[in-house]
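Student: As given, the protein sequences belong to chains A and B, one line each in that order.
Numbering follows our numbering, with no gaps: position 247 of the first sequence is 247.
Numbering follows our numbering, with no gaps: position 159 of the second sequence is 159.
Keep in mind the hints are simulated off the structure, nothing from the lab.
There could be a bad hint or two in this list.
[Claimed, not checked] Below, in silico cross-link-like pairs of lysine-lysine (DSSO-like), each with a Cα-Cα straight-line distance of 27 angstroms or less:
1) B:K132 x A:K106
2) A:K92 x B:K293
3) B:K106 x A:K129
4) B:K117 x A:K117
5) A:K47 x A:K92
6) B:K92 x B:K132
7) A:K117 x B:K132
8) A:K117 x B:K92
Remember, predicted model here, so these are calculated numbers, not experimental data.
Here is how the chains run, residue by residue.
Number of protein chains: 2
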Amino acid sequence: MKEKEFIKIITETLQSSFIGDDCALLEDLGITVTQDSLVEDVHFSLKFATPYQIGYKSVMVNISDICASGAVPKYLTIALSLPDNIDESFIKEFYRGAKAASGEAKIVGGDITGADKIYISVTAIGCTKERKISSRKNAKIGQKIVISGEHGSSGMGLSILCKNNYTEFSEEERKSFITAHLMPEAQIEFSKKISTSQTSDYAMMDTSDGLADALFAIAEAGNVMLDVDFERIPHKKCLEKINDYNKVILYGGEDYGLIATVDNADGLTVIGKVKSGQGVRINYKDFSEFLTKQDIENNTYNHFKE
Amino acid sequence: MKEKEFIKIITETLQSSFIGDDCALLEDLGITVTQDSLVEDVHFSLKFATPYQIGYKSVMVNISDICASGAVPKYLTIALSLPDNIDESFIKEFYRGAKAASGEAKIVGGDITGADKIYISVTAIGCTKERKISSRKNAKIGQKIVISGEHGSSGMGLSILCKNNYTEFSEEERKSFITAHLMPEAQIEFSKKISTSQTSDYAMMDTSDGLADALFAIAEAGNVMLDVDFERIPHKKCLEKINDYNKVILYGGEDYGLIATVDNADGLTVIGKVKSGQGVRINYKDFSEFLTKQDIENNTYNHFKE
């Protein structure tokens with residue numbers, strides 16, 4: 001049973017067409033809303049991350065979803081479930097990190113309960129006023145594919161934390177990968193630029209589940225082909241020291257960059273074009289490859305992988 | 001370390017005056033928002049509740065918070081974290097229950113991830129348009145205390161489920177207590193009546209943590225005394241078969257009734273009056289008792305009780 005199959009069951013049970021984008025657009029209220037959870041030993045580990053970093057990331061991943069919608073992040077609520085033995089300093093540090101990540105958005109409420117492990121669920125609300133809101137369904141043939149954020153850094157950081165054997169990197173390089181993983185930054189400025197500069201519909205997603213997964217989701221929802229030049233994808237140059245660095249860049253996940261398909265790409269980093277067809281084509285210097293649904297599923301992290 | 005102390009640390013860390021009511025009022029967006037979590041083996045057990053009932057209650061407790069604010073429940077998001085071995089039918093039944101409880105509100109998104117146990121976190125959004133919104137700080141001397149919902153039933157239902165030895169009740173009575181616990185009903189009509197009929201400020205809370213806890217919280221926030229006639233508190237008559245049924249009514253919790261302090265009590269069930277002083281006085285036929293903070297803390301369920 002896979003995550004996407006679960007979502008299919010939910011959509012069918014609710015007989016809802018709402019669920020699809022990372023955020024739900026609630027037009028009557030002028031807001032977009034998203035909710036993402038982080039579970040101890042699934043999404044983070046106290047072995048690697050400080051309470052401050054956990055609070056920071058929990059908020060940032062939700063702000064990233066609001067950014068993907070094109071709305072302005074405004075308010076957050078945080079539900080925290082904690083084991084009995086957790087102490088005051090965890091809560092203080094967690095909320096210090098959460099506050100630091102929230103920027104101009106405000107944390108306005110939430111819940112605190114007991115649990116066996118640390119479970120965090122954050123809801124973020126964005127304001128759509130004076131913004132054009134995205135939908136992953138909006139990709140159209142002829143649009144340019146634009147990107148923000150460095151890709152592969154967070155995935156590399158996680159591998160370094162877990163395996164601790166990447167001696168090809170300097171200490172400084174290792175640290176910058178680990179920071180990218182533990183304290184990602186949402187693409188607030190890029191989101192603002194896109195949602196205030198486009199006059200026609202555009203698709204936008206964050207790359208939380210990996211760049212390839214986001215490209216594929218946009219291609220599928222718009223029934224188009226995304227044609228991407230690999231060399232143009234922003235990434236840390238030093239990542240090329242390892243074999244298969246292209247896989248880290250495409251599938252790494254949790255970089256919280258944004259990709260969008262737009263008519264107006266002035267001043268933005270273009271990595272490819274929307275064409276007729278289906279799926280995602282990655283063009284390397286000497287060859288091209290089509291990413292199949294199977295490639296995405298095999299390489300993307302899935303909480304319910306059998 | 002207690003739940004309320006945790007909340008104090010959070011409020012201090014965020015330097016926020018927002019957190020206090022069950023819902024946050026976001027005036028610029030015209031909404032109230034709340035987020036409540038339910039954790040397996042803390043808030044529910046698969047031994048007692050079906051997946052349908054768990055979905056139903058998870059949504060209803062959040063709708064109850066929106067009702068406590070006086071807003072109209074409009075949208076919900078649900079984050080579900082599930083063990084690997086959970087099957088399709090759990091998700092289907094959970095969402096069937098969630099949908100049934102949502103009434104005229106719509107489930108518009110959420111998240112699904114892995115976890116060791118079942119964690120559910122629901123966010124509800126209410127619309128404030130044409131409603132007067134409550135605050136627990138609003139109690140004023142001379143107001144009447146009004147109530148909706150039967151009290152003590154849910155707490156009795158939980159005791160029956162856990163101890164299974166209340167032979168004084170008929171099978172039908174037992175069932176009705178258990179249903180009150182597993183499938184509570186939010187007080188949508190009462191909320192509407194209050195928030196569309198009051199011309200002056202009013203305090204309102206749901207009785208999720210028990211009637212006594214809610215009364216005490218309103219008294220404390222408004223720096224007033226709540227004077228309550230015990231005999232007027234709505235409850236199932238058969239509850240009086242057990243000793244200490246008054247404790248079940250006052251502290252039982254999870255009835256999701258509403259209490260409010262209002263100037264205009266036309267057509268509402270009045271149980272007492274707001275007076276000068278502090279805390280809560282309960283008047284029985286032959287005597288009165290003041291509930292102390294200690295009484296509330298000793299008798300109210302606390303997830304972090306040492």
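Student: Work down the list of hints and note, for each, if the structure agrees.
Tutor: Against the structure, the hints come out as follows:
Taking the CA atoms of K132 of chain B and K106 of chain A, the gap is about 23 angstroms. The hint holds against a cut of 27 angstroms. Taking the CA atoms of K92 of chain A and K293 of chain B, the gap is near 25 angstroms; set against the 27 angstroms cutoff, the hint holds. Simply put, K106 of chain B and K129 of chain A have alpha-carbon atoms about 22 angstroms apart, close enough for the 27 angstroms limit, and the pair holds. Taking the CA atoms of K117 of chain B and K117 of chain A, the gap is near 9 angstroms; set against the 27 angstroms cutoff, the hint holds.
Straight-line distance between C-alpha atoms of K47 of chain A and K92 of chain A comes to about 19 angstroms, which keeps the hinted pair within the 27 angstroms bound. Between K92 of chain B and K132 of chain B the alpha-carbon distance is near 37 angstroms, which puts this suggested pair outside the 27 angstroms criterion. Simply put, K117 of chain A and K132 of chain B have alpha-carbon atoms about 39 angstroms apart, too far for the 27 angstroms limit, and the pair is violated. Taking the CA atoms of K117 of chain A and K92 of chain B, the gap is about 26 angstroms. The hint holds against a cut of 27 angstroms.
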